[in-house]
Amino acid sequence: MDTSVLIYLTFGLAALGALAVYMAAPRGGQARRIPAIALGIAAIVSFAWLVLQRHTGSAGSKVALTVLAVLSVGGAVRVITHPKPVYSALYFVLVALSSATLVLLVGAEFLWVAIVAVYAGAILVTYLFVIMLAQQSDVSAQDLSGIEPDALSAQPFQGSLGIPRSGPLDYDRDAREPLAAVFAGFVLMAITAGLLLNHAWPATRAGAAVEDNTFGLGKILLADNAVALELAGVLLLVAMVGAIAIARKRVVADVTTQHEDELPPGEIGRHVKPF
Amino acid sequence: MTHAAQPLMLIGAVLFGLGVIGFLMRRNLIIMFLSTEVMFQGVLLNLVGFGAIGGNLQGQAFALFVLVIAAVEAGLGLGIVVMLYRRKGTLDAEAWATLRG
Chain U
1 MDTSVLIYLT FGLAALGALA VYMAAPRGGQ ARRIPAIALG IAAIVSFAWL
51 VLQRHTGSAG SKVALTVLAV LSVGGAVRVI THPKPVYSAL YFVLVALSSA
101 TLVLLVGAEF LWVAIVAVYA GAILVTYLFV IMLAQQSDVS AQDLSGIEPD
151 ALSAQPFQGS LGIPRSGPLD YDRDAREPLA AVFAGFVLMA ITAGLLLNHA
201 WPATRAGAAV EDNTFGLGKI LLADNAVALE LAGVLLLVAM VGAIAIARKR
251 VVADVTTQHE DELPPGEIGR HVKPF
Chain A
1 MTHAAQPLML IGAVLFGLGV IGFLMRRNLI IMFLSTEVMF QGVLLNLVGF
51 GAIGGNLQGQ AFALFVLVIA AVEAGLGLGI VVMLYRRKGT LDAEAWATLR
101 G
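Which chain is which? The protein sequence lines are U and A, in order.
The opening position of the first sequence corresponds to residue 1 in the numbering used here, with each subsequent residue numbered one higher.
The opening position of the second sequence corresponds to residue 1 in the numbering used here, with each subsequent residue numbered one higher.
Straight line, CA to CA, 20 Å or less: simulated DMTMM-like cross-link-like pairs of lysine to aspartate or glutamate:
#1 U:K219 / U:E230
#2 U:K84 / U:D170
#3 U:K84 / U:D174
#4 U:K84 / U:E177
#5 U:K249 / A:E73
#6 A:K88 / U:D170
#7 U:K219 / U:E109
#8 U:K84 / A:E94
#9 U:K62 / U:E109
Computed footprint of chain U on chain A; a stretch qualifies when at least three of its residues, placed anywhere within it, have a C-beta under 8 Å from a C-beta of chain U:
#10 21-31
#11 71-82
Keep in mind that the hints were calculated from the coordinates and are not lab data.
Even glycine gets a Cβ: it sits at the ideal position worked out from N, Cα and C.
Please put together the full structure from these sequences, using the hints given.
Spelled out as C-alpha cells, the structure:
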C-alpha cells in the first residue's frame with residue numbers, strides 16, 4: 001500500500017485511539033464503558049492491520065505479530081486506565097511478557113529471557129510490594145455524631161463508620177486533564193509512527209550474524225561495550241546503596257496530616273506552612 | 001531477520017505514547033511510575049528494531065543497558081514514593097502541588 005495513504009490512515013487511527021482512551025479514562029468513578037470498549041477494539045484491530053502492512057515474514061510470524069500487538073497495546077491501555085493499582089500492575093505484566101515475545105520475533109533470545117526475568121520477575125514484584133505497603137483503607141473523617149446516610153451511594157456511609165472503603169480511592173477514580181494528556185500522547189504517537197512508516201528502511205545487511213544469540217551478545221558486550229558493562233555494574237551498586245540510604249531515613253509525618261482527612265482531595269497539602 | 005523490525009518499532013512508538021498519556025493522566029504516584037515503565041518497554045522495542053535493521057547485536061546490547069537502568073529507576077523511585085507516602089499519608093500527586101500562585 002502507498003506510504004502516504006498509510007500515513008493518513010495512521011493519523012486517523014490515532015484520532016480513533018485517542019477517542020477510545022479518552023472515553024476509557026477513569027472519570028468520576030465510571031468511565032463510559034461500552035463505547036470505550038467498542039472504539040478501543042476497533043482501534044487496536046486497525047492498528048494490528050497497520051502493523052501487518054509492514055511485515056515481510058511468514059504467515060506464522062504474522063499470526064504471532066498480530067496476537068502480540070493486540071496483547072501489548074491492549075494491556076498498556078488497561079495499565080493507564082484502570083482505577084485500581086494492583087490491576088494496573090498485573091496488566092503491566094502482560095505488557096512486559098508480550099514485549100518480551102515481540103523481541104523474540106527478531107531473534108533476540110537472551111533479551112526475551114532477560115525481560116521476563118527482570119521486568120515481570122523483579123520490577124513488577126517490587127511494584128506489587130509497594131502497592132501493598134502503600135495501600136490505604138480510606139476512612140472518611142466525617143464526624144461520627146452527625147452521620148447522614150448518603151442515599152446516593154453506600155460508600156461515604158461505609159467510610160464514616162470506619163469500614164475500609166472497597167472501591168477505588170478518589171485520586172484513582174479521576175484522571176487529571178484526560179483531554180490534554182490523550183491529545184499530547186496520540187499526536188506524539190501519530191507523528192512517530194508516521195515518521196517510521198515514511199522512512200526508507202534499508203533491507204537486511206549482508207553478513208548478519210548466524211551464531212548463537214547469547215554467544216554473540218556476550219561477545220559484543222565484552223568486546224565493544226566493556227566500559228558500559230562496568231558502568232552498569234557500578235550503577236547497580238550505587239543504586240543499592242542509595243536505596244538503603246533512602247529507606248533508613250526516618251520520616252516525620254507532616255504536622256498537618258492529622259487534619260488532612262478533613263480536607264477534600266484538592267486541598268490536601270495546600271495549607272502546609274513554608275517553614 | 002528484519003521481517004518484524006518495522007512492526008516492532010511501530011508497536012514501540014505506540015507503547016511509548018501510551019506511557020506518556022498514563023504519566024500525564026493519572027494522579028496515583030505508583031501508576032505514574034508504572035507508566036514510565038511502559039515507556040521503557042516502548043523504547044526497548046524500538047532499540048531492538050533498530051538493531052535488527054542494522055544487522056548486528058548492538059541494539060540488543062543497548063537494550064540490556066536500558067533494562068538495567070529501568071530496574072534501578074524502579075527501585076529508587078519506589079523507595080522515594082514510599083517515603084513520600086509516609087510523609088503525607090496519601091499517594092496522590094496533587095498532595096504535593098503546594099506551589100500554587
